[in-house]
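Protein chains: 2
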Amino acid sequence: MPNPTAAMLVIGDEILSGRTRDANMHYLAGQLTAAGINLCEVRVVSDDRTAIIAAARALSVANDYVFTSGGIGPTHDDITADCIAAAFDVHVDVRDDARALLQAHYDASGKELNEARLRMARIPDGATLIDNPVSIAPGFTLGNVHVMAGVPSVFQAMVASVLPTLVGGAPVQSRTLPLMRGEGDVAAPLTAFAQEYSDLSVGSYPFQKDGAYGTNLVLRGQDTVRLDEALGALKKVFSV
Amino acid sequence: MPNPTAAMLVIGDEILSGRTRDANMHYLAGQLTAAGINLCEVRVVSDDRTAIIAAARALSVANDYVFTSGGIGPTHDDITADCIAAAFDVHVDVRDDARALLQAHYDASGKELNEARLRMARIPDGATLIDNPVSIAPGFTLGNVHVMAGVPSVFQAMVASVLPTLVGGAPVQSRTLPLMRGEGDVAAPLTAFAQEYSDLSVGSYPFQKDGAYGTNLVLRGQDTVRLDEALGALKKVFSV
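The listed protein sequences derive, respectively, from chains G and F. Per UniProt numbering, the first sequence runs over residues 1 to 240. Per UniProt numbering, the second sequence runs over residues 1 to 240.
Some hints here could point you the wrong way.
Identical chains share a label here; the pair holds if one copy fits it or two copies do between them.
Stated by the list, open to error - Straight line, CA to CA, 30 angstroms or less: simulated DSBU-like cross-link-like pairs of lysine-lysine:
#1 K111 with K235
#2 K209 with K236
#3 K236 with K111
#4 K209 with K235
#5 K111 with K209
Calculated from the structure, these hints are not laboratory results.
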C-alpha cells in the first residue's frame with residue numbers, strides 16, 4: 001500500500017516579504033518522512049482570505065492530510081481559523097472548550113482573557129482541538145486539515161500532539177553516497193543504475209566544497225535490506 | 001500603480017523529504033521586496049512532471065513574474081526545462097547558443113561535454129538565456145517564467161542576472177517596533193491603529209526571549225515619510 005500523502009500550507013506575509021525565514025516546513029518534512037507520510041507539496045500564501053481559502057480547499061482535496069502553520073494568534077491579521085471554516089463551509093465562533101482552556105490559563109497567570117485573546121478560542125464547528133502544551137491556545141483539526149501555530153516552538157509541540165493520531169506508512173529511509181565528482185560525470189552511470197533499481201528513488205544533489213564540485217547520490221525507499229544492497233552496488237559502480 | 005506580483009516554484013524531492021532545507025525562498029523574497037515586486041505565493045513540488053507543469057501554468061497565469069529553482073542539472077531527475085516547455089506547449093531540445101556556452105566552458109577546463117552535460121543545453125524554443133557566471137550552464141526565461149538552478153550560489157547569481165531586466169515598483173520599506181508584551185495585550189490598540197493607518201500594512205509577530213513573550217509590530221509601505229510618521233504614532237500608542 002502506498003504511503004499517505006500530505007501537503008503543507010504556510011500562512012504569513014512575513015515569510016513572503018523576506019522578513020522571517022520559515023523554519024516549520026523543514027521541520028514538518030522531516031517528521032512526516034519519519035512517520036511514513038509523503039509530503040507532496042507546500043504552498044506559502046499571504047494573510048489574504050481568498051488565497052488561504054483557495055489553497056486550503058485545493059490541498060485538502062488532493063492529499064490525505066494537510067498541515068497549516070500561522071495566523072491563529074489574537075491580532076487582526078490572524079484570520080486562519082475563519083478561512084479554514086469558510087473553506088469547509090462551516091460556522092466558526094468562540095467555542096466553550098477552547099475558551100475554558102484559555103480562561104484557566106489566564107486566570108492562573110493573572111492576566112485578563114480579553115477580547116483579543118478570546119479570538120484564539122474561535123474554533124470551527126465539528127473541529128477537534130489540538131493540544132498546545134507551550135502556550136495553551138489550541139490548534140484544531142477540521143476534516144483532513146490540521147491547523148497549527150506559526151511560532152516554531154508551538155508548531156513543533158502541535159505536530160507532536162497530532163502525529164501520533166495519524167495513520168502513517170512504512171518510514172522512507174535513505175542512504176547517501178557522497179562523491180567528489182561533478183554531476184555531469186556521474187549522470188550516465190547513475191541513470192543506468194536508477195533504471196536497474198527502479199523500485200528505489202535515486203537522486204543526485206550537487207554541492208561545492210573547498211571550490212571543488214561534488215555530488216551526493218541519495219537512495220530512498222522503505223526496505224532497509226534492499227537499500228543496503230543497492231548502496232553496495234552503487235559503490236561498485238563508482239569504484240568507492 | 002500597484003507593484004508587480006510574483007510567485008516562486010521550488011522543485012525538488014530533497015526539500016519535501018526534509019533532507020535539504022531550502023535557502024532560495026528566503027533569498028528571493030528579500031530581493032523581490034527590495035525591487036518593489038510583491039511575492040504573493042510560493043509552491044514547493046516534487047520532481048514530478050505532472051505536478052511541475054500544473055504549478056507552472058497556474059502560477060504563470062496568476063502573477064506578473066514566476067521564478068523557479070531546481071531541476072536544471074545534468075542528471076535523470078532534472079526535468080524542469082522539459083516541464084516548463086510542456087507547460088507553454090513549445091518544443092525543447094539542445095539549443096546551439098546554450099551548447100556553445102557549455103562547449104567553451106568544458107573545453108577550457110579539459111572536461112568532456114558528454115551527453116549528460118548536454119542536457120543542460122536543453123532550452124525551450126523562444127526562451128532567452130539567463131547568465132550563470134558561477135557554473136556557466138544557463139537558466140532561461142520563457143514567457144513570464146524565469147527558470148533557475150537550485151544550488152544557492154548559482155540561484156543567487158541568476159537572480160542577479162535577471163532582476164535588472166524586470167520592471168519593479170517602489171520598494172516596500174518596513175519599520176519595526178519590538179515590545180516585550182504578549183500579542184494578546186497589544187491586539188486591541190493595534191487593531192485601532194491599523195484601521196487609522198489603513199494605507200499601511202500593519203503586522204504583529206510574536207517571539208519569546210529569555211522565557212518572556214514579546215511582539216514585533218511591523219509597519220510596511222512605500223512612503224518612508226508616512227512610515228516614520230506612523231512609527232512615531234505607534235510608539236505613542238504603546239508609550240515607548
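Taking the hints in turn, this is what the structure says about them:
no.	hint	result
1	K111 with K235	between (62 angstroms within a copy, 23 angstroms between copies)
2	K209 with K236	within (24 angstroms within a copy, 51 angstroms between copies)
3	K236 with K111	between (66 angstroms within a copy, 23 angstroms between copies)
4	K209 with K235	within (21 angstroms within a copy, 48 angstroms between copies)
5	K111 with K209	between (53 angstroms within a copy, 19 angstroms between copies)
Of the numbered hints stated above, none is contradicted by the structure.
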